[in-house]
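Position chains B and C against the provided structure of chain A, taking the given hints into account.
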Amino acid sequence: MLRFDKGEDFIPSFTAWLEKNSIESATVICGIGMLKDMEIGRYDGREYTRMTEPESCEILSLQGSVSMKEGARFVHMHVSYANHDFQAIGGHLFSGIVSMTIELVVAPMTPGLVRKPAGGVFWQMDS
Amino acid sequence: MLRFDKGEDFIPSFTAWLEKNSIESATVICGIGMLKDMEIGRYDGREYTRMTEPESCEILSLQGSVSMKEGARFVHMHVSYANHDFQAIGGHLFSGIVSMTIELVVAPMTPGLVRKPAGGVFWQMDS
Amino acid sequence: MLRFDKGEDFIPSFTAWLEKNSIESATVICGIGMLKDMEIGRYDGREYTRMTEPESCEILSLQGSVSMKEGARFVHMHVSYANHDFQAIGGHLFSGIVSMTIELVVAPMTPGLVRKPAGGVFWQMDS
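Residue numbers (my numbering), protein chains in the order written: chain A, 15 to 141; chain B, 15 to 141; chain C, 15 to 141.
Here chain A stands alone, though its shape is the one from the complex:
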């Protein structure tokens, strides 16, 4: 379990931790806490439609994977969060700033998850 602190840029901080610990493949099986200034996306088969969420929101779930894409670590996470009316909203998580804390559970795997181009902006897991 990793803890991220208020103000951290979530995905770059996570990627830096993965690099420091030489983890190339992993799954993200749990993540709760709060994020603000999120950018999320929805893939339409060719590209992502994006939206931003400036508000600080409770993170309901985080699930995803870490793989290698063109030699660099690629964090692929989908987020579900609640707005101020408790309505759940979600999508592919492009970015977010930790607004209180994030507790993330990561299961490192044997290196081997690699992504390759699969048409458009989509990179398919090659394993």
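Honestly, I wouldn't trust all of these hints.
Identical copies go unnamed one by one, so any copy, or any two together, can satisfy a pair.
Computed list of lysine to aspartate or glutamate pairs in EDC-like fashion (alpha-carbon distance at most 16 Å, straight line) [to be verified]:
1) Lys83 to Glu38
2) Lys130 to Glu84
3) Lys130 to Glu22
Note that these hints are calculated values from the structure, not bench results.
Chains B and C only, in chain A's frame:
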């Protein structure tokens, strides 16, 4: 981690993989990707109310279990997905077609999860 | 995997099981089933706004952790559930009564997760 490809009928494909690998009990701890033509349900204490979702949607989370029910593998998964407005929707997942990919994290367990009738259409885990 | 039965007060039942099994640190990586009479919350930086959900709802996901706070086990879970229109709603889970069953996947950890005051009502994980 399993990867399902575009066009696969998600639950039958997963069940076939479980049979091929002789896995009778497992938990599903992470699943992201996209599904279309989903049928989801909501249990009212006696039966399921069902709805269908033709649109291809980002899967925000998949959680569930694999157990044996009357001698066959039974996949019990709850799904949360985002529609084109990023609103999250969800329920019991009856079926869905993989529309881009699904990356599923499965933790096999020692055989022993078995379901038995518990009134109405409900089968309770017997362990 | 733990199973909770109809009528159980979910968080006290889970806490009692943790005490009985001497588990001080753990992560909750999966939880599906149904809860009613839930109280959920949203942290605004100083305190929680709360709402109650009397209806029996499908639980879409449960993610969280178990740590020690002032010498007692502290269960921190975020929930996502679907209402009767399949809309997802969620937040910090304060309480709920099991209305059908809950199947919870818990990964015990080496003791060491401890929470300390971090301003207002917020207790930060100290590790």
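Checked against the structure, which of the hints given earlier come out wrong? Of the numbered hints, just 3 does not hold.
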